[in-house]
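Fit chain B to the given chain A structure using the hints.
First to last, the protein sequences are chains A and B.
The numbering used here applies: residue 1 is where the first sequence begins, and numbers increase by one.
The numbering used here applies: residue 1001 is where the second sequence begins, and numbers increase by one.
I should point out that these hints are in silico values taken from the structure, not numbers from a laboratory.
In this text, a Cβ means the ideal position worked out from N, Cα and C, and glycines have one as well.
One or more of the hints may lead you astray.
[What the hints assert, rightly or not] 27 Å max Cα-Cα, derived BS3-like pairs, lysine-lysine:
(1) A/Lys78 to B/Lys1058
(2) B/Lys1112 to A/Lys44
(3) B/Lys1069 to A/Lys51
(4) B/Lys1112 to A/Lys41
(5) A/Lys51 to A/Lys15
[Unchecked claim] Chain A is faced by these chain B residues, among others (derived, beta-carbon under 7 Å):
(6) Gly1098
(7) Phe1103
(8) Thr1107
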Amino acid sequence: EAGVTQFPSHSVIEKGQTVTLRCDPISGHDNLYWYRRVMGKEIKFLLHFVKESKQDESGMPNNRFLAERTGGTYSTLKVQPAELEDSGVYFCASSQGRTSGRAYEQYFGPGTRLTVT
Amino acid sequence: AQSVTQLGSHVSVSEGALVLLRCNYSSSVPPYLFWYVQYPNQGLQLLLKYTSAATLVKGINGFEAEFKKSETSFHLTKPSAHMSDAAEYFCAVNYNQGGKLIFGQGTELSVKP
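The shape of chain A in the complex, shown without the other chains:
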């Protein structure tokens, strides 16, 4: 079974440009999460999808960040326009649906390292 995959693994962009990060969760996982780790800080929650619906987007820093999960499969996180403070590692995670009894068990992708110059 394939794990959570993320693309690209690294992205270097200039301030003001747009970047789109992609996450493919484990097949069949209803829950999809985005997290971010800014250098030197803890990993912080950004948002949570249940299938295609946003369940919790309380961690999204501002309206320059837009997340989508069309069809309840893969998800994209777009940053437009990027600022210097957006640099960091963006992690995606997925977990089974609530009825499985294992929705708490999140599996993480390798992350996308974003550098804004």
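Okay, now just chain B, sitting in the frame of chain A:
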């Protein structure tokens, strides 16, 4: 606000020595508790989890953790460190099944030969 505290951003031990990584959480409501490990250039891997069953939880690679409600702690231990244990370790909590994880700051473990 709910939080997780990992004592020590860097821990160094000798090969064969005991590993002890500390984690405290800030709620009187017993949460789900996790330890994740991140090896260099890799993603986070689930090491072990506590979900209100046995308070002593065994994980992969010889690690274990004990949930102590009275101390709101979930410290990670391994009796004998290996060089391959060098990585960053994260403690995390979840207060409702399927919701967000709240992470500690991470502890970088170094193992000296």
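Now the hints, each set against the structure:
In summary, the hint linking A/Lys78 to B/Lys1058 is not supported, as the alpha carbons are separated by about 39 Å, beyond the 27 Å threshold. With a C-alpha separation of about 31 Å, the suggested pairing of B/Lys1112 with A/Lys44 is violated against the 27 Å cut-off. For the proposed pair B/Lys1069 and A/Lys51, the alpha carbon gap of about 34 Å is over 27 Å, so the pair is violated. Among the hinted pairs, B/Lys1112 with A/Lys41 is consistent with the structure: their alpha-carbon atoms are about 25 Å apart, no more than 27 Å.
With a CA separation close to 32 Å, the supplied pair A/Lys51 and A/Lys15 exceeds the 27 Å bound. The beta carbon of B/Gly1098 is positioned within 7 Å of a beta carbon in chain A (closest approach about 3 Å), and the interface hint is therefore held. Nearest Cβ of chain A to the Cβ of B/Phe1103: about 4 Å, under the 7 Å cut. The hint holds. With a cut of 7 Å, the hint placing B/Thr1107 at the interface with chain A is violated, because the nearest CB-to-CB distance is about 11 Å.
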